[in-house]
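Order-wise, the sequence lines are chains H and A.
Under our numbering, think of the first position of the first sequence as 83, with each following residue one higher.
Under our numbering, think of the first position of the second sequence as 153, with each following residue one higher.
Since the hints were made in silico from the structure, they are not lab data.
Do not rely on the hints blindly, as some may be mistaken.
What the hints assert, rightly or not - Below 30 Å or equal to it, Euclidean Cα-Cα: the simulated BS3-like pairs (lysine-lysine) are:
(1) K145/H <-> K179/H
(2) K161/A <-> K179/H
(3) K166/A <-> K141/H
(4) K179/H <-> K191/H
(5) K161/H <-> K179/H
(6) K166/A <-> K145/H
(7) K139/H <-> K179/H
(8) K141/H <-> K151/H
(9) K150/H <-> K191/H
Unchecked claim - Partner residues aside, some chain H positions facing chain A, computed with beta carbon under 7 Å:
(10) L112
(11) P122
(12) G125
(13) P126
(14) F128
(15) T131
(16) A135
(17) F154
(18) G178
(19) F182
(20) G185
Said to hold, decoys possible - Here are the simulated distance ranges between beta carbons:
(21) T158/H <-> V263/A: 40 to 50 Å
(22) L231/A <-> E138/H: 26 to 36 Å
(23) F128/H <-> Q169/A: 28 to 38 Å
(24) A234/A <-> F128/H: 42 to 52 Å
(25) N217/A <-> P175/H: 18 to 28 Å
(26) N217/A <-> S102/H: 27 to 37 Å
(27) S100/H <-> G205/A: 15 to 25 Å
(28) G123/H <-> Q169/A: 41 to 51 Å
(29) Y133/H <-> S219/A: 45 to 55 Å
(30) S219/A <-> P192/H: 43 to 53 Å
(31) G215/A <-> E140/H: 40 to 50 Å
(32) E127/H <-> N180/A: 39 to 49 Å
(33) N104/H <-> E211/A: 17 to 27 Å
Since the model is a prediction, treat every value here as computed from it, not as a measurement.
Note that beta-carbon positions come from the ideal geometry of N, C-alpha and C, so glycine has one too.
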Amino acid sequence: EDQVTQSPEALRLQEGESSSLNCSYTVSGLRGLFWYRQDPGKGPEFLFTLYSAGEEKEKERLKATLTKKESFLHITAPKPEDSATYLCAVPNPQGGKLIFGQGTELSVKP
Amino acid sequence: NAGVTQTPKFQVLKTGQSMTLQCAQDMNHEYMSWYRQDPGMGLRLIHYSVGAGITDQGEVPNGYNVSRSTTEDFPLRLLSAAPSQTSVYFCASRRQNTEAFFGQGTRLTVV
Numbered sequence: 083e084d085q086v087t088q089s090p091e092a093l094r095l096q097e098g099e100s101s102s103l104n105c106s107y108t109v110s111g112l113r114g115l116f117w118y119r120q121d122p123g124k125g126p127e128f129l130f131t132l133y134s135a136g137e138e139k140e141k142e143r144l145k146a147t148l149t150k151k152e153s154f155l156h157i158t159a160p161k162p163e164d165s166a167t168y169l170c171a172v173p174n175p176q177g178g179k180l181i182f183g184q185g186t187e188l189s190v191k192p
Numbered sequence: 153n154a155g156v157t158q159t160p161k162f163q164v165l166k167t168g169q170s171m172t173l174q175c176a177q178d179m180n181h182e183y184m185s186w187y188r189q190d191p192g193m194g195l196r197l198i199h200y201s202v203g204a205g206i207t208d209q210g211e212v213p214n215g216y217n218v219s220r221s222t223t224e225d226f227p228l229r230l231l232s233a234a235p236s237q238t239s240v241y242f243c244a245s246r247r248q249n250t251e252a253f254f255g256q257g258t259r260l261t262v263v
């Protein structure tokens, strides 16, 4: 079964405390893995696309990496404004559906 | 750039009423989808479309209808609203195998 699992469900960090979020997937023929950020009351906002194992993308304090079974979103020296829910998603093998994980709710305290 | 536009932003319905949530995109994307998001449940796919005239069911389609007469529009119809349909609804569009762009959501309450 095509599935995306994110861990942890919630993560509390102190400002400046680096950490990583995990997204593991089981889908045949990966056609891309997408990371999103969602703030309360808003729609998900696109962050990164990764297409092949070994690929990395960076934006400010965030870096996304991809292996054949999972992706990591590394957060370096986070700030309170990085607090949000982070979602990952992959297309199903037929390509028509995007399968989302449950998300990781990140809270960064000053 | 408008992107994906959803209307209304907020709606209160009485049980049994019907209504249509509107979604329009101006990016000429082939794929469009509707999701609902409930606390602790993540994004759940209701219906999706891979092109004008083509729609298919997601994981929670019951109580909802869709149609795709144009590339730009993908309305979601609630036939007879129930309290269980109280949720936040998101519309999204994308090209095949690329990222999705989301609207700002419709917060629906059914009393």
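Hints versus structure:
Of the pairs offered as hints, the one joining K145/H and K179/H holds, with about 25 Å between alpha carbons and a cut-off of 30 Å not exceeded. Under the criterion of a C-alpha separation no larger than 30 Å, the hint pairing K161/A with K179/H is consistent with the structure, at around 24 Å. Restraint check for K166/A and K141/H: not satisfied, since their Cα atoms lie roughly 45 Å apart, outside the 30 Å limit. Annotation: proposed proximity of K179/H to K191/H is violated, straight-line Cα distance about 36 Å (limit 30 Å).
Restraint check: the Cα-Cα separation between K161/H and K179/H comes to about 33 Å, which exceeds 30 Å; the hinted pair is violated. Proximity of K166/A to K145/H is assessed by CA-CA distance (about 46 Å); at most 30 Å being required, the pair is judged violated. About 24 Å separates the Cα atoms of K139/H and K179/H, which keeps this hinted pair within 30 Å; it holds. Between the alpha carbons of K141/H and K151/H the distance comes to roughly 23 Å, so the proposed pair stays at or under 30 Å and holds.
Note on K150/H and K191/H: the hinted pairing is violated, with a Cα-Cα distance of about 33 Å set against a maximum of 30 Å. Checking L112/H against chain A by beta carbon gives a least distance of about 10 Å; that is not within 7 Å, so the hint is violated. For the restraint placing P122/H at the interface with chain A, the shortest Cβ-Cβ distance is roughly 10 Å, beyond the 7 Å limit, so the hint is violated. The restraint placing G125/H at the interface with chain A holds, with a minimum CB-CB distance near 4 Å, inside the 7 Å limit.
Annotation: interface hint on P126/H holds; nearest CB of chain A at approximately 5 Å, less than 7 Å. Taken as an interface hint, F128/H checks out: its beta carbon lies about 5 Å from the nearest beta carbon of chain A, inside 7 Å. Checking T131/H against chain A by beta carbon gives a least distance of about 5 Å; that is within 7 Å, so the hint holds. Among the interface hints, the one on A135/H is violated; its C-beta lies about 16 Å from the nearest C-beta in chain A, farther than the 7 Å criterion.
This hint is violated: F154/H has a C-beta 18 Å from the nearest C-beta of chain A, more than the 7 Å allowed. A distance limit of 7 Å between C-beta atoms decides the matter here; for G178/H the minimum to chain A is near 5 Å, and the interface restraint holds. The interface hint given for F182/H holds, since its Cβ lies 4 Å from the closest Cβ of chain A, which is under the 7 Å cut-off. With its C-beta approaching chain A no nearer than about 6 Å, G185/H sits inside the 7 Å limit, and its interface hint holds.
T158/H and V263/A have their C-beta atoms about 46 Å apart, which keeps the hinted 40 to 50 Å range intact. Evaluation of the 26 to 36 Å hint for L231/A and E138/H yields a failure: the beta carbon distance comes to about 47 Å. Restraint check, F128/H to Q169/A: a C-beta distance of roughly 34 Å satisfies the suggested window 28 to 38 Å. The supplied range of 42 to 52 Å is broken by A234/A and F128/H, whose beta-carbon atoms lie about 32 Å from each other.
Taking the beta carbon of each, N217/A and P175/H are about 26 Å apart, inside 18 to 28 Å as hinted. For the pair N217/A and S102/H, the supplied restraint of 27 to 37 Å is violated, since their beta-carbon distance comes to about 42 Å. Restraint check, S100/H to G205/A: a C-beta distance of roughly 49 Å breaks the suggested window 15 to 25 Å. Remark: the range hint 41 to 51 Å for G123/H to Q169/A is contradicted by a beta-carbon distance near 24 Å.
At about 33 Å, the beta-carbon gap between Y133/H and S219/A misses the expected band of 45 to 55 Å. The hinted range of 43 to 53 Å is satisfied by S219/A and P192/H, whose Cβ atoms lie roughly 49 Å apart. As the Cβ distance of G215/A to E140/H is approximately 43 Å, the hint placing it in 40 to 50 Å holds. Under the hint 39 to 49 Å, the C-beta atoms of E127/H and N180/A, about 21 Å apart, miss the expected range.
Checked against the given bound of 17 to 27 Å, the beta carbons of N104/H and E211/A, roughly 23 Å apart, stay inside it.
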